[in-house]
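Asks: Chains A and B, in that order, give the protein sequences.
Taken in order, the first sequence gives residues 1 to 237; the numbers are from the UniProt record's numbering.
Taken in order, the second sequence gives residues 1 to 288; the numbers are from the UniProt record's numbering.
Hints in this document: simulated from the structure, not taken from any laboratory.
Keep in mind that this is a model prediction, so the values were computed, not measured.
Cβ atoms here follow ideal geometry from the backbone N, Cα and C, with glycine treated the same way.
Where hints are given, some of them may not hold.
Distance ranges between label pairs, derived from CB positions [claimed, not checked]:
| no. | chain 1 | residue 1 | chain 2 | residue 2 | range |
| --- | --- | --- | --- | --- | --- |
| 1 | A | V118 | B | E13 | 34 to 42 Å |
| 2 | A | L114 | B | Q173 | 44 to 52 Å |
| 3 | A | L114 | B | Q114 | 35 to 43 Å |
| 4 | B | D178 | A | V118 | 21 to 29 Å |
| 5 | A | M221 | B | A73 | 27 to 35 Å |
| 6 | A | I133 | B | K15 | 54 to 62 Å |
| 7 | B | E110 | A | R103 | 30 to 38 Å |
| 8 | B | R207 | A | R103 | 31 to 39 Å |
To give an idea of the interface, some chain B residues facing chain A are shown, with a C-beta separation under 7 Å as derived from the structure [as the list claims (entries may be wrong)]:
| no. | residue |
| --- | --- |
| 9 | L52 |
| 10 | K72 |
| 11 | K75 |
| 12 | E76 |
| 13 | F80 |
| 14 | Y87 |
| 15 | P88 |
| 16 | L91 |
| 17 | L99 |
| 18 | A101 |
| 19 | P102 |
| 20 | F103 |
| 21 | W107 |
| 22 | M171 |
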Amino acid sequence: MLKLVKMHFVIMIHSPKSKALLFPLSIFAFFTLISAVLFYIDMIRRDSSIASFNISMFFPLWSIYIFSLMAAANGYSATAENDSKKNSTNDGIMDNILPVGRRSYFFARVLFTLCNSVIIWCLILIPFFITGIILKSMGVLVDTDFFKLLFFTTSVVVVGGVGLSIIYVAWKRGKKVLEGGIILYTILPIASFFIARSDYLGISANGWIIYPAIMAMVVLMLFLWVLNRIQGMDMAD
Amino acid sequence: MDKILELENVTKEYKNFKLDNISFSLEKGYIMGLVGPNGSGKTTTIKLIMNLLSKNSGEIKVFGLDNSLDEKAIKERIGFVYDDNIYPLGLKLSKIALLIAPFYKTWNQELFNQYMKKFQLDPQSSLEKLSKGMKTKFAIVMALSHKPDLIIMDEPTSGLDPIFRRELLEMLQEIIEDGNCSVLFSSHITSDLEKIADYITFMDKGRVVLSDTYVNIVENYRLVKASEEIIKKERNKFLSYRCNSFGGEGLCKNWHSLQNEYPDKIVLEKPTIEDIMYYISKREEVEC
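Bound-form chain B, shown alone (with noise of 0.2 Å):
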């Protein structure tokens, strides 16, 4: 399959944080969520991609080419979403639209104006009187109108309402349906990530602490409720667990040897991305 997205080994550092050899792929044709808590590192990598840092080392591949050599045909097609406005507030869309119109060959006028049409944009107001959630649309309608064939949204969906979230994700899933486009997308709301990814992506305190589909990483690990016991005595097998008075429960990957060691003192549940995420952020302060 065509690798759209490589990352490899790459660092970056500052004074208080590093982003410590973060390596993973994105395969045309698909959605990767980008999920961690706040300061994990999602979007330093995302602008590492976007080549707005210089990495110290590693290698960024974008359509299979450097990402700092290549910048100005990489970033031809790419539709980039960023979690706060960066357009100019005294201008109206529509100037917006024709100021940065021609700077892409591909820019579609048209599907500008029906994607307007269809998130309610009026392109005659101006970008400062909107609120934050049409600004984010607004944002989107710039980064698709060009049709790119690689979406990086870095945390799109945080200040829109339910249903047009809902309506984004629809339009992303319809938007990659024909194999041709891929979206990297970081954000907080899992749920939205659960709808849409087909590759989940963990970050944590700068590392990737797990790439891999959706469907594997839910299929690998199991929430596991037992006794407190029971949690105690095979501690080594979670990722990490917490008790109550009323027992523990705990994220585990090797869940078989438990499954059949205590079959019927144990409840096994399907995670969410949000558990997977508590719970490897956890690693290291263990509850009980």
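The following block holds chain A by itself, in its conformation from the complex (with noise of 0.2 Å):
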């Protein structure tokens, strides 16, 4: 399972879709999570209920990041693999060949995509909370609903993507996954995020930690679910 998953990620890594998204996005990324930063620091100095209002109109371009960056992790998949646009169910042959039995086909795929929600996780958290620890060093009250709402929002995106590649596996191998993604990693974390915001599920309170938690089980029920069903699929249709 393993070596598919390394297969997975060099195919990535080499594809030429891939390399043609991923280096302007990383710079794009770059840039995007750095004003956010400074904005955030700046904010908050002032007005620190503010500063977290105001980091919201970051969020557009972080989604826009986030589904270019799944995009681009499964795009692979549904253009390196095909020598030509005639035949459409190339996709994903070359895996099914292999002496790999499906449960171990199906389990690396989820890992492959929670490998990407992760980095992409720790893309997004990583600057804030490096942000947060220099400021509370520096003696400056930091917003911990913020951290909460990040953290919240994120969550619900690494998850959903892992849900998605459930569904993925399962159903659409290759077709749907490019639009599916583009449409889940978009929509997960403004609407995450408006959840967030108005506090409808508590995320001040508990419902920060609660909600993704309740969203991993359902995703895991889903995953034994499909997991019973996977030996008759079409791998390649």
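Mind assembling these two chains? They're in different frames, but the hints should get you there.
Replies: Following this line, the structure appears as structure tokens:
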């Protein structure tokens, strides 16, 4: 299974589509995050309550970044394995002719998407947590609600990403994943942010950890259910 | 004899197409050609054997094992060449081999290098820079480098030049010489099959029309050339036929009776696979 995950990563890194997307995206992500952090630092000194509110303007930018990164991650499977557009069913044939059990294949796909999601998660959270630590060490009052909100939002995106990979492997291999990924990874951060902002789910209390946990459990149940029906799937259809 | 591949009453249904009760088998050490017009179900059959598609009903056994329950063990022993490139375009050939090799216990790097040299493929070149024919060559190298017991090829010769096509056919014959390896080979180029196939399976409209040894097929059928009058009179004896202003011709299985009845009025010729394929696929649209 790990051999398969490694293979997917190597293919992703070398895929012309991924390459074309990842480099400009990395620059885009870097500047977006840095400007968001600087903005946050600047605002929190003046008014911590409006700092987290104003930072919401960066969410659409993060969303674009997240969906583009996922599109790049999954893009190789939609294009790199196809020699021509004539036969769109080629996707995944290389994986499926290898002596790998279906369950291993399935776990490999889930692990692959999970790793990608965790990378995104870290990319978003690390600059803010580093900023938070620096600010705290400087004696600045840090708005913890904002970090809870950020954790909630990114968790929903990561868990949603794993859920997407399960649905993707189980039903529509290759065909709709790019569109599905774009929609899901755009909607999830925006939606989760607004849910968090409205505090409808009690995010500022314990909801910031309870709801991602519930979501993870649902994904786990979906995962186990799919595992039962995995034997009879069309892998190259 | 050991049956290396067995399909029994296999059915796969799509919205607009049905693979209907497919049954045929291949013995160890032989080459089987899978022929049929476009859309006859050859690629679907191959995908079902490889468990890339799930069947609706029936049984597929490879090396005596169920192809979905023992998928891993079976695929370890199969070399597969698809009719299109399935490898990632952005990678160098050596890198692709490096990624694929660990999946096979029997991968032989020396053999891989030998085939690369034989086929004049540079391991350092990128797959996307290769022509279609060269990509097919690489797919063949990948399929052969783990010493498979069964080679399944879907239209492997379609993008190849005549010289390499011939070399490939000779190589396949060499590979099966030891009697341990079998080949299932789908192709539109029927002359290739005539050169190497021991068995021929004809498919048409999702059904197996004929599956027998090449020798039996060629011996059992005759292309009968006669006047339009005779052809029309004996129409029931033909699988199908066609007529024009100079007379007619048709494919016939019980040709001995025609030979006895019209010894001087008909000409009998051994049909090619293409002739048989043409007449069998035209059964329902008799021309006259």
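Asks: Does each hint hold? Answer for all of them.
Replies: Verification of the supplied hints:
{"no.": "1", "hint": "V118(A) <-> E13(B): 34 to 42 Å", "in the structure": "holds (41 Å)"}
{"no.": "2", "hint": "L114(A) <-> Q173(B): 44 to 52 Å", "in the structure": "holds (48 Å)"}
{"no.": "3", "hint": "L114(A) <-> Q114(B): 35 to 43 Å", "in the structure": "holds (40 Å)"}
{"no.": "4", "hint": "D178(B) <-> V118(A): 21 to 29 Å", "in the structure": "violated (50 Å)"}
{"no.": "5", "hint": "M221(A) <-> A73(B): 27 to 35 Å", "in the structure": "holds (31 Å)"}
{"no.": "6", "hint": "I133(A) <-> K15(B): 54 to 62 Å", "in the structure": "holds (58 Å)"}
{"no.": "7", "hint": "E110(B) <-> R103(A): 30 to 38 Å", "in the structure": "holds (33 Å)"}
{"no.": "8", "hint": "R207(B) <-> R103(A): 31 to 39 Å", "in the structure": "holds (34 Å)"}
{"no.": "9", "hint": "L52", "in the structure": "holds (4 Å)"}
{"no.": "10", "hint": "K72", "in the structure": "holds (5 Å)"}
{"no.": "11", "hint": "K75", "in the structure": "holds (4 Å)"}
{"no.": "12", "hint": "E76", "in the structure": "holds (4 Å)"}
{"no.": "13", "hint": "F80", "in the structure": "holds (5 Å)"}
{"no.": "14", "hint": "Y87", "in the structure": "holds (6 Å)"}
{"no.": "15", "hint": "P88", "in the structure": "holds (4 Å)"}
{"no.": "16", "hint": "L91", "in the structure": "holds (5 Å)"}
{"no.": "17", "hint": "L99", "in the structure": "holds (5 Å)"}
{"no.": "18", "hint": "A101", "in the structure": "violated (10 Å)"}
{"no.": "19", "hint": "P102", "in the structure": "holds (5 Å)"}
{"no.": "20", "hint": "F103", "in the structure": "holds (5 Å)"}
{"no.": "21", "hint": "W107", "in the structure": "violated (11 Å)"}
{"no.": "22", "hint": "M171", "in the structure": "violated (20 Å)"}
When each numbered hint is compared with the structure, violations occur for hints 4, 18, 21, 22.
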